[in-house]
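Q: Listed below are the residues making up each chain.
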Amino acid sequence: MIDVLARQQLALLPELGFVEQRGFSRMLLQREQPLDQPDKLFAITGPELG
Amino acid sequence: MKDVKISSAKINPERWPKPLQQRQPRLAEAEQLLALSRQAGWNQTLADWRLLLASAGDNALSLWHDERPVASALALSYGGRFAWICMVLVTPDWRGQGLATRLLRLLVEQLSRQGLIVGLDATPAGRAVYQPLGFRDIYPIRRLIAARPILADAARQALSSQHCVRPLQATELIELAAWDAPLFGAERYALLQALYARLPHCAYIARNASGDISGYVLGRDGQNATQLGPLVATDSALASDLLLATLTALNSTTPSTGPSIAQVLAQVLNLS
Chain B
0 MIDVLARQQL
10 ALLPELGFVE
20 QRGFSRMLLQ
30 REQPLDQPDK
40 LFAITGPELG
Chain H
0 MKDVKISSAK
10 INPERWPKPL
20 QQRQPRLAEA
30 EQLLALSRQA
40 GWNQTLADWR
50 LLLASAGDNA
60 LSLWHDERPV
70 ASALALSYGG
80 RFAWICMVLV
90 TPDWRGQGLA
100 TRLLRLLVEQ
110 LSRQGLIVGL
120 DATPAGRAVY
130 QPLGFRDIYP
140 IRRLIAARPI
150 LADAARQALS
160 SQHCVRPLQA
170 TELIELAAWD
180 APLFGAERYA
190 LLQALYARLP
200 HCAYIARNAS
210 GDISGYVLGR
220 DGQNATQLGP
230 LVATDSALAS
240 DLLLATLTAL
250 NSTTPSTGPS
260 IAQVLAQVLN
270 LS
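Note that the protein sequences, when read in sequence, are chains B and H. Sequential numbering of the first sequence, starting at 0, is according to numbering that gives the first Met the number 0. Sequential numbering of the second sequence, starting at 0, is according to numbering that gives the first Met the number 0.
Because the hints were derived from the structure by calculation, they are not lab data. Here the structure is a predicted model, which means the values were calculated and not measured. Note that the Cβ used here is the ideal one computed from N, Cα and C, for glycine as well. Check the hints yourself; a few may be wrong.
Chain H regions said to be covered by chain B (calculated; three or more residues, Cβ under 8 Å) [stated by the list, open to error]:
{"hint": "1", "segment": "115-121"}
{"hint": "2", "segment": "131-140"}
{"hint": "3", "segment": "161-175"}
{"hint": "4", "segment": "198-212"}
{"hint": "5", "segment": "237-249"}
Between beta-carbon pairs, the in silico distance windows are [stated by the list, open to error]:
{"hint": "6", "chain 1": "H", "residue 1": "ASP211", "chain 2": "B", "residue 2": "GLY22", "range": "30 to 36 Å"}
{"hint": "7", "chain 1": "H", "residue 1": "GLN130", "chain 2": "B", "residue 2": "GLU19", "range": "30 to 36 Å"}
{"hint": "8", "chain 1": "B", "residue 1": "GLN29", "chain 2": "H", "residue 2": "ALA146", "range": "39 to 45 Å"}
{"hint": "9", "chain 1": "H", "residue 1": "ALA208", "chain 2": "B", "residue 2": "GLN29", "range": "39 to 45 Å"}
{"hint": "10", "chain 1": "H", "residue 1": "ALA39", "chain 2": "B", "residue 2": "GLN36", "range": "29 to 35 Å"}
{"hint": "11", "chain 1": "B", "residue 1": "ASP38", "chain 2": "H", "residue 2": "ALA34", "range": "38 to 44 Å"}
{"hint": "12", "chain 1": "H", "residue 1": "GLN109", "chain 2": "B", "residue 2": "GLU31", "range": "20 to 26 Å"}
{"hint": "13", "chain 1": "B", "residue 1": "GLU19", "chain 2": "H", "residue 2": "ARG104", "range": "28 to 34 Å"}
{"hint": "14", "chain 1": "H", "residue 1": "GLU66", "chain 2": "B", "residue 2": "ALA5", "range": "29 to 35 Å"}
{"hint": "15", "chain 1": "B", "residue 1": "GLN36", "chain 2": "H", "residue 2": "VAL128", "range": "26 to 32 Å"}
{"hint": "16", "chain 1": "H", "residue 1": "ASP92", "chain 2": "B", "residue 2": "PRO37", "range": "26 to 32 Å"}
{"hint": "17", "chain 1": "B", "residue 1": "GLN29", "chain 2": "H", "residue 2": "ARG67", "range": "33 to 39 Å"}
{"hint": "18", "chain 1": "B", "residue 1": "GLU14", "chain 2": "H", "residue 2": "ALA208", "range": "26 to 32 Å"}
{"hint": "19", "chain 1": "H", "residue 1": "GLU28", "chain 2": "B", "residue 2": "GLN36", "range": "35 to 41 Å"}
Taking the hints into account, I'd like the entire structure generated from these sequences.
A: If you want it as structure tokens, here you go:
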């Protein structure tokens, strides 16, 4: 199981047999800019850990 | 521990004669709280709950009824900069009574007093709750799952990047945490260390020709599936190589009816 940023194109994942199970939305309170660098972040740790 | 009266006409005093008790959950209660995430079908293990409770400290709230946890909401603080809300859970028989919203509001107030930026990853159902509270979408995340990754063909594409990918060593964690901090947005050495300890054989690091870190991947066991991540890399080719490395390691430690990925890789790389 892997939680990938939707913007990242990892063609390898469907080739390996990964299918989408569900989606999440990363949200920040009263803020519109990310705290991280999404161009280098491919998969998060998990919704519970950020 | 304090008794609280939840203002909701939906709570039937005949069905629930005892008051709810709101308090910070204790580390020793991790096993009881695990029931909450299990009921929701989430992936956390007892080790996850222990990690979360130990990390959250005062920023953990729970509601108990008759010595049983019925709701939880936690937040992990990173680098004194931001806090990540998680484990907003309500047991099925207590849902629809405003318990999650109550804990969430209390937690957000508490975190705001601490001067922390507040974030979370919301399910579609959760998003509808968080938006009215002022949470804004930053970017979407897709959860992908594979019963058993098909590695044979992918192995032939291995090592497509120009980086050296190899197992992460515990001695590299401090350097890794320093490299990761500006990319994640805060220092998270303790978390990376804890994840590494959970599944060290799935931890890989990449370095460029100069020996500088250029990416890494970690993984951890779960209630339903092994969770891979974080996966951080300077480009997508390297991210794919790291992913393949960790899946190969994972594959070699789980039962298989076909050739192992180690055997496939050995054939591809003419090692056998």
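Q: It remains to establish, for every hint, whether it holds in the given structure.
A: Hints and how they fare:
Counting residues of the segment 115-121 of chain H whose CB lies closer than 8 Å to any CB of chain B gives 6, which reaches the minimum of 3, so the coverage claim holds. With 9 residues having a beta carbon nearer than 8 Å to a beta carbon of chain B, the segment 131-140 of chain H meets the requirement of three or more and the stated coverage holds. Check on the segment 161-175 of chain H: 0 of its residues sit with their Cβ under 8 Å from a Cβ of chain B, so the three-residue criterion for coverage is violated. Interface restraint, the segment 198-212 of chain H with chain B: violated (0 residues with C-beta to C-beta distance below 8 Å; minimum three).
Counting residues of the segment 237-249 of chain H whose CB falls under 8 Å from any CB of chain B gives 5; the rule of at least 3 is met. Remark: the range hint 30 to 36 Å for ASP211/H to GLY22/B is upheld by a beta-carbon distance near 34 Å. Take GLN130/H and GLU19/B: their Cβ atoms lie about 23 Å apart, and the range 30 to 36 Å is violated. For GLN29/B and ALA146/H, the Cβ-Cβ distance of about 40 Å falls inside the hinted range of 39 to 45 Å, so the restraint holds.
Here the CB-CB span from ALA208/H to GLN29/B is close to 43 Å, well matched to the stated 39 to 45 Å. A beta carbon spacing of about 31 Å between ALA39/H and GLN36/B agrees with the range 29 to 35 Å that was offered as a hint. As the Cβ distance of ASP38/B to ALA34/H is approximately 39 Å, the hint placing it in 38 to 44 Å holds. One distance hint, 20 to 26 Å for the beta-carbon pair GLN109/H and GLU31/B, holds here, with the actual separation near 23 Å.
Look at GLU19/B against ARG104/H: about 32 Å separates their beta carbons, and that is inside 28 to 34 Å. Evaluation of the 29 to 35 Å hint for GLU66/H and ALA5/B yields a failure: the beta carbon distance comes to about 42 Å. Hint check: GLN36/B to VAL128/H, Cβ distance near 28 Å, so the stated range 26 to 32 Å holds. Hint check: ASP92/H to PRO37/B, Cβ distance near 39 Å, so the stated range 26 to 32 Å is violated.
Range check, GLN29/B to ARG67/H: about 35 Å between beta-carbon atoms, so the 33 to 39 Å window is met. For GLU14/B paired with ALA208/H, a C-beta distance near 28 Å keeps the hint of 26 to 32 Å intact. Under the hint 35 to 41 Å, the C-beta atoms of GLU28/H and GLN36/B, about 37 Å apart, fit the expected range.
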